[in-house]
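**Q** Sequence:
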Amino acid sequence: MGISVVLLAYKEEENLKVLLPQIIENVEKTGEEFEILVIDTAEPLDNTKGVCEEYGARYINQEEPAFAGAFKTGIKYAEKDKFLILDSDGSHNPKYIPDLYKKFVDEKCDVVIGSRYVEGGKTNDAKSSIVMSHILNGMFRFFLGIKAKDISTDYRMYETAQLKG
1 MGISVVLLAY KEEENLKVLL PQIIENVEKT GEEFEILVID TAEPLDNTKG
51 VCEEYGARYI NQEEPAFAGA FKTGIKYAEK DKFLILDSDG SHNPKYIPDL
101 YKKFVDEKCD VVIGSRYVEG GKTNDAKSSI VMSHILNGMF RFFLGIKAKD
151 ISTDYRMYET AQLKG
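Oh and the sequence shown: position 38 is 38 in my numbering, straight run, nothing missing.
It is worth saying that the hints were derived from the structure and are not from the lab. Incorrect hints may have been included.
Stated by the list, open to error - Straight-line alpha carbon distances no greater than 30 Å define the calculated DSSO-like cross-link-like pairs of lysine-lysine that follow: (1) K127 with K76; (2) K164 with K103; (3) K49 with K108; (4) K149 with K49; (5) K11 with K108; (6) K17 with K127; (7) K108 with K149; (8) K80 with K127; (9) K11 with K29; (10) K80 with K164; (11) K149 with K76; (12) K164 with K11; (13) K95 with K149; (14) K127 with K164; (15) K147 with K102; (16) K108 with K127; (17) K49 with K17; (18) K29 with K103; (19) K147 with K29; (20) K49 with K29; (21) K29 with K76; (22) K103 with K147; (23) K29 with K17; (24) K80 with K149; (25) K29 with K149; (26) K17 with K76; (27) K72 with K149; (28) K108 with K80.
This structure is a prediction, so every number in the text was calculated from the model and none was measured.
Using the sequences and the accompanying hints, generate a full structural model.
**A** Here is the structure:
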């Protein structure tokens, strides 16, 4: 039982110094045991590993290229039954972790998505990126019948077993 918090990192040393304490504080509010996995590039470009050691996070080099490779590496090393993924650039606010967790557990969801496009959500993306994201998400909803407002974000919680499937 517990939560594997997976952070995808690319030159995120400075951001992690701010983000890791916030993540720890908010995951502790769930009352669950947890681990933090920081998935860095295959060829490290900064001292992300040192920051991980400072905060007790497991540092892992991704085994395959690109976002998908980092995501798959996180799945491979996750040891807890819940899998929470978020960016390590600060674009996903850790203060919502207890809310994601509560919805996931109380409603027995397969996945909970931390949307930028619902009340209380926000993004610092450029207007052109926001427009493209709305178009993409609208297409997903229309063609796939998915009700989620923000399919293209990776701030999500899953059952780890479903991902390892």
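**Q** Hint by hint, note whether the structure agrees.
**A** Hint check results:
1. K127 with K76: Between K127 and K76 the Cα gap is close to 35 Å, so the pair fails against 30 Å, i.e. violated.
2. K164 with K103: Distance ~22 Å between K164 and K103 Cα, so the pair holds.
3. K49 with K108: violated (35 Å)
4. K149 with K49: The hint is violated at about 35 Å.
5. K11 with K108: violated (35 Å)
6. K17 with K127: It holds: about 28 Å lies between the C-alpha atoms, which stays within 30 Å.
7. K108 with K149: Given pair K108, K149 holds - Cα atoms ~19 Å apart, limit 30 Å.
8. K80 with K127: violated (37 Å)
9. K11 with K29: With Cα atoms ~28 Å apart, K11 and K29 stay inside 30 Å; holds.
10. K80 with K164: holds (12 Å)
11. K149 with K76: holds (28 Å)
12. K164 with K11: holds (27 Å)
13. K95 with K149: holds (20 Å)
14. K127 with K164: Measuring from Cα to Cα gives roughly 36 Å; hence the hint is violated.
15. K147 with K102: holds (20 Å)
16. K108 with K127: violated (35 Å)
17. K49 with K17: Since the Cα atoms of K49 and K17 sit roughly 11 Å apart, the hinted pair holds (cutoff 30 Å).
18. K29 with K103: At roughly 14 Å apart (the allowed maximum being 30 Å), K103 and K29 satisfy the hint.
19. K147 with K29: holds (29 Å)
20. K49 with K29: Given pair K49, K29 holds - Cα atoms ~26 Å apart, limit 30 Å.
21. K29 with K76: The given pair, whose Cα atoms are some 26 Å apart, holds under the 30 Å limit.
22. K103 with K147: holds (16 Å)
23. K29 with K17: holds (20 Å)
24. K80 with K149: At roughly 27 Å apart (the allowed maximum being 30 Å), K149 and K80 satisfy the hint.
25. K29 with K149: holds (26 Å)
26. K17 with K76: Given that 30 Å is the threshold and the Cα spacing comes to 25 Å, the pair holds.
27. K72 with K149: holds (24 Å)
28. K108 with K80: Between K108 and K80 the Cα gap is close to 16 Å, so the pair holds against 30 Å.
Checked against the numbered hints given earlier, the structure breaks hints 1, 3, 4, 5, 8, 14 and 16 and satisfies all the rest.
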